[in-house]
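Asks: Protein chains in written order, with our numbering: chain S, 14 to 336; chain P, 14 to 336.
Check each hint, because a few of them may be wrong.
Stated by the list, open to error - Part of the chain P face toward chain S, derived, beta carbon under 8 Å: (1) Leu44; (2) Thr58; (3) Ser101; (4) Pro103.
Stated by the list, open to error - Chain P stretches covered by chain S per the calculated footprint, using a threshold of three residues with CB under 8 Å from any CB of chain S: (5) 87 to 99; (6) 152 to 164; (7) 261 to 269.
What the hints assert, rightly or not - So these bits of chain P aren't anywhere near chain S, every CB distance computed over 10 Å: (8) Pro46; (9) Leu52; (10) Thr55; (11) Glu68; (12) Asp125; (13) Val129; (14) Ile145; (15) Leu186; (16) Arg286; (17) Arg293; (18) Gly312; (19) Ala321.
Keep in mind that the hints were calculated from the coordinates and are not lab data. Source: prediction; values computed, not measured. We put the beta carbon where it would ideally sit given N, CA and C, even for glycine.
Single-letter residue listing:
2 protein chains.
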Amino acid sequence: MAEFALIERLRRHVRGRADVALGIGDDAALLQPPAGEQLAITADTLNAGVHFPAETAAADIGWKTLAVNLSDLAAMGAQPRWCTLSLSLPADDPSWLEGFAEGFFALADRHDIALVGGDTTRGPLSLSVTAIGTVPMGAALRRDAARIGDEVWVTGMPGEAAAALALWQASELPITVSANDGLRETLRQRLLRPTPRIEAGLRLRGLAHACVDISDGLVSDLGHICARSGVGARLALAQLPISAALRSTADARIRQWQVGGGDDYELCFTAPRHQHEAVRDALAFAAVEGYCIGQIEAGQGVRVLDEAGCEWQPSRPGYQHFG
Amino acid sequence: MAEFALIERLRRHVRGRADVALGIGDDAALLQPPAGEQLAITADTLNAGVHFPAETAAADIGWKTLAVNLSDLAAMGAQPRWCTLSLSLPADDPSWLEGFAEGFFALADRHDIALVGGDTTRGPLSLSVTAIGTVPMGAALRRDAARIGDEVWVTGMPGEAAAALALWQASELPITVSANDGLRETLRQRLLRPTPRIEAGLRLRGLAHACVDISDGLVSDLGHICARSGVGARLALAQLPISAALRSTADARIRQWQVGGGDDYELCFTAPRHQHEAVRDALAFAAVEGYCIGQIEAGQGVRVLDEAGCEWQPSRPGYQHFG
Numbered sequence: 014m015a016e017f018a019l020i021e022r023l024r025r026h027v028r029g030r031a032d033v034a035l036g037i038g039d040d041a042a043l044l045q046p047p048a049g050e051q052l053a054i055t056a057d058t059l060n061a062g063v064h065f066p067a068e069t070a071a072a073d074i075g076w077k078t079l080a081v082n083l084s085d086l087a088a089m090g091a092q093p094r095w096c097t098l099s100l101s102l103p104a105d106d107p108s109w110l111e112g113f114a115e116g117f118f119a120l121a122d123r124h125d126i127a128l129v130g131g132d133t134t135r136g137p138l139s140l141s142v143t144a145i146g147t148v149p150m151g152a153a154l155r156r157d158a159a160r161i162g163d164e165v166w167v168t169g170m171p172g173e174a175a176a177a178l179a180l181w182q183a184s185e186l187p188i189t190v191s192a193n194d195g196l197r198e199t200l201r202q203r204l205l206r207p208t209p210r211i212e213a214g215l216r217l218r219g220l221a222h223a224c225v226d227i228s229d230g231l232v233s234d235l236g237h238i239c240a241r242s243g244v245g246a247r248l249a250l251a252q253l254p255i256s257a258a259l260r261s262t263a264d265a266r267i268r269q270w271q272v273g274g275g276d277d278y279e280l281c282f283t284a285p286r287h288q289h290e291a292v293r294d295a296l297a298f299a300a301v302e303g304y305c306i307g308q309i310e311a312g313q314g315v316r317v318l319d320e321a322g323c324e325w326q327p328s329r330p331g332y333q334h335f336g
Numbered sequence: 014m015a016e017f018a019l020i021e022r023l024r025r026h027v028r029g030r031a032d033v034a035l036g037i038g039d040d041a042a043l044l045q046p047p048a049g050e051q052l053a054i055t056a057d058t059l060n061a062g063v064h065f066p067a068e069t070a071a072a073d074i075g076w077k078t079l080a081v082n083l084s085d086l087a088a089m090g091a092q093p094r095w096c097t098l099s100l101s102l103p104a105d106d107p108s109w110l111e112g113f114a115e116g117f118f119a120l121a122d123r124h125d126i127a128l129v130g131g132d133t134t135r136g137p138l139s140l141s142v143t144a145i146g147t148v149p150m151g152a153a154l155r156r157d158a159a160r161i162g163d164e165v166w167v168t169g170m171p172g173e174a175a176a177a178l179a180l181w182q183a184s185e186l187p188i189t190v191s192a193n194d195g196l197r198e199t200l201r202q203r204l205l206r207p208t209p210r211i212e213a214g215l216r217l218r219g220l221a222h223a224c225v226d227i228s229d230g231l232v233s234d235l236g237h238i239c240a241r242s243g244v245g246a247r248l249a250l251a252q253l254p255i256s257a258a259l260r261s262t263a264d265a266r267i268r269q270w271q272v273g274g275g276d277d278y279e280l281c282f283t284a285p286r287h288q289h290e291a292v293r294d295a296l297a298f299a300a301v302e303g304y305c306i307g308q309i310e311a312g313q314g315v316r317v318l319d320e321a322g323c324e325w326q327p328s329r330p331g332y333q334h335f336g
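Bound-form chain S, shown alone (with noise of 0.2 Å):
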């Protein structure tokens, strides 16, 4: 396998940036943060057949594997910056490659992201990223800073995702084509396509006080909030719109995929009742759809509340890899 030929093909695709003094090409990139900032860093891989279907394109592949790692950094309100790639690939397939790097710089230049290293290897499809972002010091969203009182927010659409998934595994949506029906297709793009919420996570600084991106679930994931801030949750599934591509499904698990399924990297944040304009007009800002869900309580874990205001118990308490 031609190792060299393969980083020169994904190197041809990276855009410089000012504080990346020295790029791909030498044992190590040479960067220079900005003064005063803290580095946010998080590492995440995707696998094919656990994190995505095994005949996903390969630029959906390559637009996810980068969009998982920067909700993690959208969580925090970190600005993103740089990132590194491995990449273990059965075969040297240059067209696969191609349309790999279509869908992550795809991504990263939407982004102004700077791939600085990473490596190919030969070995079952797997992509694992780190990336990097900076924040001003104290100014990140912590998961344990829930307090008592704080309005539960999420932004979008929680469930699409799952319910994606879903219907792919019932043969009822196809996964490397685009479904004939816009609602269908919508929910397919919110599968294969997930949107990092940079954005808001920017504009929820010195808003917001925990955050969290959802990857793993709603009520899994405003869990961690909870676990880590030594706090309990209320949800009420009352002020969880259903959007009209999950009411199109007509499925009886909409609930369930709302508040307990995965991938939809959406933000769920808390944030003081005295802020909730404040919050509405930040997500405006960052053109992001909001809602405020629940609420911060004493005690510890997740209540969800259905219409009626009975306690409601989800089926699945999060995501678990389909494969």
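Let chain S serve as the given structure and place chain P on it in line with the hints.
Replies: The following block gives chain P in isolation, referenced to the frame of chain S:
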């Protein structure tokens, strides 16, 4: 697979550092880089059956996974600080993970490196590390800084790892248990537990011009320096001693291993002739052997001269994965 339990198991081993404001457990870690320094960042993946024999002991895999990345930072003259680890495991295997952690953190703790993020996923055994260090502005040892007339140096004894690999492939060296013979065990350790030359890299700041670590093979990696610096190099085999362990193999391939074998993770660097004694002192302070083995010259590529001063052709240009 209990992903969270696996992460917890690794996390127990993690030591704190003053420059880690928030470690594993949030969406991202928060790090405090030293003022006025640049970041050096590198990423390398090891796959079972490609980068190490599949039966290699977990502790040896753990050590090597980190070592190959630290070696890249050493080659930049960077001070290693933090790393992330993405670990794909075929099955939930607590004893394997304990072994892996033992080797990984033995090296991490030796150099006070904090594991600050990563994930564990189900999949064929694969290990990706991104390592980050820091270096004062402009002090990094780059591949593109060799100048005509520079002396070419190498640390340690390149070739020993390649010898161990060849002996293992010929069923003459065990991989999972110690060798009976002391010299054979030396070779085995060089393959399984390479020593990243961090202290040497730090001491060579301000002395060396260009530097690279030997992962692909001496000629191949020195070739990277030549290509990036727009120069050629001449190596004299007579100046490259043959260690007792290498000599004990009584193998006709010893010189091939020395100039063409990979996996050594020694440093190859260039330095001006007038710094010869200062380089000797720096290596002595770093407690590592070093040999002046050649010279940078006009032209391109690496010429190897045998003991008689005749041009000598390595049979293979660089390390190709054995898998």
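Asks: When the hints from earlier in the document are held up against this structure, which numbers fail?
Replies: Per hint list: 4, 7, 8, 9, 10, 13 and 14 violated.
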